[in-house]
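Chemist: Could you slot chain P onto chain B? The hints should help.
Protein chains: 2
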Amino acid sequence: MVHIVLKGGDVLCADGQVRQTDIAISGSVITQIGTITEQAARIIDCQNKLIVPGFVNTHTHAAMSLFRSYADDMMLMDWLKTKIWPAEENLTSEDVYWGTLLAIAEMLKSGTTCFTDMYFFMPDVAKAVAESGIRAVLSRGMAGVAPTANQALAESENFYNEWHNAAGGRITVMLGPHAPYTCPPDYLKKVTALAEKLGSQIHIHLSETAGEVADCQKQYGKSPIALMEELGLLDHGVLAAHCVHVSPEDITIMKQKKVRVAHNPGSNMKLASGVAPVPDMLKAGICVGLGTDGAASNNNLDMLEELRLAAMLHKVHRLDPLAIPAKTAVDMATSQGAEALGLGKITGKLETSYKADITVFDMKEPHWHPRHDRLSLLTYAASARDVHTVIVDGKILLDNQQLTTIDQERLTAEADRRGMRLVNNSNTK
Amino acid sequence: MVHIVLKGGDVLCADGQVRQTDIAISGSVITQIGTITEQAARIIDCQNKLIVPGFVNTHTHAAMSLFRSYADDMMLMDWLKTKIWPAEENLTSEDVYWGTLLAIAEMLKSGTTCFTDMYFFMPDVAKAVAESGIRAVLSRGMAGVAPTANQALAESENFYNEWHNAAGGRITVMLGPHAPYTCPPDYLKKVTALAEKLGSQIHIHLSETAGEVADCQKQYGKSPIALMEELGLLDHGVLAAHCVHVSPEDITIMKQKKVRVAHNPGSNMKLASGVAPVPDMLKAGICVGLGTDGAASNNNLDMLEELRLAAMLHKVHRLDPLAIPAKTAVDMATSQGAEALGLGKITGKLETSYKADITVFDMKEPHWHPRHDRLSLLTYAASARDVHTVIVDGKILLDNQQLTTIDQERLTAEADRRGMRLVNNSNTK
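These protein sequence lines are chains B and P, in that order. Per UniProt numbering, the first sequence starts with residue 1, numbered consecutively. Per UniProt numbering, the second sequence starts with residue 1, numbered consecutively.
Everything labelled a hint here was simulated from the structure, so no lab data went into it. Since the model is a prediction, treat every value here as computed from it, not as a measurement. Be aware that a few hints might be false.
What the hints assert, rightly or not - Once the Cα atoms are required to be at most 30 Å apart in a straight line, the calculated DSS-like pairs of lysine-lysine come out as:
id, chain 1, residue 1, chain 2, residue 2
1, B, Lys327, P, Lys222
2, P, Lys395, P, Lys345
3, B, Lys395, B, Lys127
4, B, Lys83, P, Lys7
5, B, Lys395, P, Lys364
6, B, Lys283, B, Lys327
7, P, Lys364, B, Lys127
8, B, Lys222, B, Lys258
9, P, Lys218, P, Lys258
10, B, Lys83, P, Lys283
11, B, Lys364, P, Lys395
12, P, Lys258, P, Lys197
13, P, Lys83, B, Lys364
14, B, Lys283, B, Lys257
15, P, Lys83, B, Lys327
16, B, Lys364, P, Lys127
17, P, Lys7, P, Lys283
18, B, Lys283, P, Lys83
19, P, Lys327, P, Lys345
20, B, Lys83, P, Lys364
21, P, Lys189, P, Lys81
22, P, Lys327, B, Lys81
23, P, Lys255, P, Lys218
24, P, Lys222, P, Lys197
25, P, Lys345, P, Lys257
26, P, Lys364, B, Lys364
One chain only, chain B, in its complex shape (with noise of 0.2 Å):
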């Protein structure tokens, strides 16, 4: 029993092709993609409208977004030191529950079905995801050198063992060391062998920035990517975030174990991390999604930005407007992202049998015509704010903008209150 008809929207199919066409969802799949005259419960109109799959947002931390605009323009130590790191003291749990809700609302209405989240205080994350209907990948985020290693070990296990699959499958559950220069060799054997035991996968930062990978030539005499091979990490299945210092041996390391990259063009760009190269990492057949980082060091979630500055930002360094054309940027944020989640046969794509992860795009905006080309207006020139539907797992969390599952008013009110007691607190210290 067909429950959604999306009718006569303009739809990027699986093979890279826009068509006019309808699509059919029952339960939480897409069962067909073509002309549908079976009735069903709810039947949108999506004349002029373009329907994409769901944006993965590769990178988050999500509840950083109540550290939105706290503090920038900053030379990273700096901002770490004395402005996040003393605010993140004063996080509660329940702090880390309505920041996660606030990402959340802000993905949705920006047209991400799926992130990838690594913070602490996991299950009010995972409490805020089952909530809102939206799909996620979690981590504890772990710091070997912090006092809460041994404790960050052990609530990662009982974290997977309570909430992979969990919320009908929405919430898959990754381990999440946070990067070799806070986690040392005997720390991360640990976590190697701890993903053996539970046969989890691990989502790492590694190669973020030139500081940290000469620190680790120095100390280690080898790169972040080459110490992970011989610690044995990349069996596991990594997702590792940035990989913006990787030299030519470390890409042929990374393909060879089939790390899979979450690059953040805006995080990178921001913080002035570098530019990672991407082009050449495509080439070698790496796979690579895109990911938003933090709201406090991008300052928002909008992965349409992240998918414009992949296809804007390498043309600019390479001098070469052919480096990353809208095809390819548009599937590092949707089929590829999937794909660096492990997700790939379940996710972004529409495609029928795969989960209802759906955006729609309303196109009447100026800056929406004349429509010579669709997934280049997507990628070139629309907005976020265009998003009009979104349906995850066959369930509408947006309609005609606005949330389904999330009370906004008060959702804004209390990140509003919270945002400032964190920040009002550290000052004091």
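Modeler: Relative to the frame of chain B, chain P by itself:
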């Protein structure tokens, strides 16, 4: 008599501070900023809204909006020769009118109150500006190598005499020699003589690509900037678009001759032109505004996107997170942009006696929460689609997201029809 009051908004004042206060408008100007108790024909509740000077777009080719998404991800000369130039040959004066109106609609809806245009069929551009109510600085583009070279000079003179300071002062006119590589020295001398005769300023493309700078060096033994100085062109008040490939010596000349720069980060990224040394120009005390360039090479006319790119691109290019802070980027999009057009005493600031050119952002969406710093939110998190109200010259042109002087539905239908015709014609050539 006060005719509009903006009540209780968060106002970006001329001193760079954001304060909650009121703004009174009488006729075309701001008459008071502070607590207003007077009655007014229209009172707009601006609680939870951010009020900023309207954005000033210092460089575009408005009617090229008809070629939006027609050809992307191509080499520059290939793009021009096989796509844009053949399509432009089909343009009629009516197409230019409708293409300009499409651009104006998009600009108003994204908070731009003044734009700078260089194109042809300029009386039709002026008609669209006059009817829509926006402010503009217009130039008839002139190419000395084209068969229309002398005609363009005559048209420029007529256009200046007819339209400079027209539409209640909303339109000013500059001369628009296209670039040194399309205007040989003899022709530029004629342009300079005409500028002298009329007392007009000059809008020109300078040093956009490395190739044109190399060619200029080869042909004339000096850079485009040095060549323009030699020809006396820089003595007439020059707005120079791009200035991507300028040397320290060029920057010294630019400072000395008070050249103002239109920086177009989006176009420079997408066309892979390179990264302009904007931090060096600003440090030298050169006035730098922001521009979108034409929609065929951007592909939208969203000044907030340019503002954000200006803040982010130079950070990653210089590996310096302090390169262009939020406040500087906002200044470039507003007050410096107005200065660049010679309108620094007219627009670009919220100050008593300035023209009421004002953009009001609605801060209700999740990406505006929490609000630790409103300028940071505007620069790094906001969307141009959050623009709620736009006032130009004291008239409300966008009222609760609705255009008041343009029939959007008719406009987009016309634009679609004309855009398709232009391209179909050019394809059969």
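Chemist: Would you mind marking each hint as holding or not holding in the structure?
Modeler: Evaluation of the provided hints:
no.: 1; hint: B/Lys327 <-> P/Lys222; verdict: violated (41 Å)
no.: 2; hint: P/Lys395 <-> P/Lys345; verdict: holds (19 Å)
no.: 3; hint: B/Lys395 <-> B/Lys127; verdict: holds (18 Å)
no.: 4; hint: B/Lys83 <-> P/Lys7; verdict: violated (34 Å)
no.: 5; hint: B/Lys395 <-> P/Lys364; verdict: holds (25 Å)
no.: 6; hint: B/Lys283 <-> B/Lys327; verdict: holds (15 Å)
no.: 7; hint: P/Lys364 <-> B/Lys127; verdict: holds (25 Å)
no.: 8; hint: B/Lys222 <-> B/Lys258; verdict: holds (20 Å)
no.: 9; hint: P/Lys218 <-> P/Lys258; verdict: holds (26 Å)
no.: 10; hint: B/Lys83 <-> P/Lys283; verdict: holds (28 Å)
no.: 11; hint: B/Lys364 <-> P/Lys395; verdict: holds (25 Å)
no.: 12; hint: P/Lys258 <-> P/Lys197; verdict: holds (20 Å)
no.: 13; hint: P/Lys83 <-> B/Lys364; verdict: holds (26 Å)
no.: 14; hint: B/Lys283 <-> B/Lys257; verdict: holds (16 Å)
no.: 15; hint: P/Lys83 <-> B/Lys327; verdict: holds (20 Å)
no.: 16; hint: B/Lys364 <-> P/Lys127; verdict: holds (25 Å)
no.: 17; hint: P/Lys7 <-> P/Lys283; verdict: violated (37 Å)
no.: 18; hint: B/Lys283 <-> P/Lys83; verdict: holds (28 Å)
no.: 19; hint: P/Lys327 <-> P/Lys345; verdict: holds (20 Å)
no.: 20; hint: B/Lys83 <-> P/Lys364; verdict: holds (26 Å)
no.: 21; hint: P/Lys189 <-> P/Lys81; verdict: holds (28 Å)
no.: 22; hint: P/Lys327 <-> B/Lys81; verdict: holds (23 Å)
no.: 23; hint: P/Lys255 <-> P/Lys218; verdict: holds (25 Å)
no.: 24; hint: P/Lys222 <-> P/Lys197; verdict: holds (28 Å)
no.: 25; hint: P/Lys345 <-> P/Lys257; verdict: holds (20 Å)
no.: 26; hint: P/Lys364 <-> B/Lys364; verdict: holds (22 Å)
Violated hints, in rising order: 1, 4 and 17; the structure is consistent with all others.
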